[in-house]
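K.L.:
Sequence:
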Amino acid sequence: MRPQFIEQNVVWLYSDDMEAHAAFYRDVLGLKEVLDQGVCHIFQVSPTGFLGVCNKEGRPRGTKGMMVTFLVEDVEEMYQYLLARGVEFDGPPNMKGGRNVYSAFFKDPIGYWLEIQEFNDPRWVYPEGRGPRRG
0 MRPQFIEQNV VWLYSDDMEA HAAFYRDVLG LKEVLDQGVC HIFQVSPTGF LGVCNKEGRP
60 RGTKGMMVTF LVEDVEEMYQ YLLARGVEFD GPPNMKGGRN VYSAFFKDPI GYWLEIQEFN
120 DPRWVYPEGR GPRRG
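Each residue of the sequence shown is one higher than the one before, counting from 0 in numbering that gives the first Met the number 0.
Each hint should be verified, as a subset may be incorrect.
What the hints assert, rightly or not - Cut-off 27 Å, straight-line C-alpha distance, at most; resulting in silico cross-link-like pairs (BS3-like, lysine-lysine):
{"id": "1", "residue 1": "LYS95", "residue 2": "LYS63"}
{"id": "2", "residue 1": "LYS55", "residue 2": "LYS31"}
{"id": "3", "residue 1": "LYS95", "residue 2": "LYS106"}
{"id": "4", "residue 1": "LYS95", "residue 2": "LYS55"}
{"id": "5", "residue 1": "LYS106", "residue 2": "LYS31"}
{"id": "6", "residue 1": "LYS95", "residue 2": "LYS31"}
What the hints assert, rightly or not - Listed next, with one range per pair, are the computed distances between beta-carbon atoms:
{"id": "7", "residue 1": "LYS63", "residue 2": "ARG1", "range": "32 to 40 Å"}
{"id": "8", "residue 1": "GLY128", "residue 2": "ALA22", "range": "15 to 23 Å"}
{"id": "9", "residue 1": "TYR80", "residue 2": "TRP123", "range": "16 to 24 Å"}
{"id": "10", "residue 1": "GLN36", "residue 2": "VAL67", "range": "15 to 23 Å"}
{"id": "11", "residue 1": "GLY110", "residue 2": "MET0", "range": "22 to 30 Å"}
{"id": "12", "residue 1": "MET0", "residue 2": "GLY85", "range": "22 to 30 Å"}
{"id": "13", "residue 1": "GLY57", "residue 2": "ARG132", "range": "40 to 48 Å"}
Quick caveat, the hints were computed from the structure, so don't treat them as lab data. In this text, a Cβ means the ideal position worked out from N, Cα and C, and glycines have one as well.
Make the full structure from the sequences, and use the hints.
P.N.:
Below you can see the structure in the form of structure tokens.
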């Protein structure tokens, strides 16, 4: 028996102020909310990737050791889009992550680190019809 291919994934972030948390992902980042479960809001990040923000009792809170990276086609364009929406970055996009990583970092209202990144490694599994932008 072989393992099944995982068709989709959801990253869960927990918060005591779920409405503000959800508003950030919906209204600032512009993610499509695909499901409102009452105690959780789920947003589509990519065709098969989702992010959920929840206020569920007994679930872990805390931002240490947790970061969500959004792989985008054009970091500069996304950086300008988010700046215009009031996002405060810790600095402009840069290559500090290594020769194949061009990225910029910011936090959501709860304090989770978020990153927009162009992952420019020719070995990466890119969406169909696309490859690395930078050499």
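K.L.:
Each hint needs a verdict: does it hold in this structure or not?
P.N.:
The hints, checked one at a time:
no., hint, verdict
1, LYS95 to LYS63, "holds (21 Å)"
2, LYS55 to LYS31, "holds (21 Å)"
3, LYS95 to LYS106, "holds (18 Å)"
4, LYS95 to LYS55, "violated (36 Å)"
5, LYS106 to LYS31, "holds (19 Å)"
6, LYS95 to LYS31, "violated (30 Å)"
7, LYS63 to ARG1: 32 to 40 Å, "holds (36 Å)"
8, GLY128 to ALA22: 15 to 23 Å, "violated (33 Å)"
9, TYR80 to TRP123: 16 to 24 Å, "holds (23 Å)"
10, GLN36 to VAL67: 15 to 23 Å, "holds (19 Å)"
11, GLY110 to MET0: 22 to 30 Å, "violated (42 Å)"
12, MET0 to GLY85: 22 to 30 Å, "violated (50 Å)"
13, GLY57 to ARG132: 40 to 48 Å, "holds (43 Å)"
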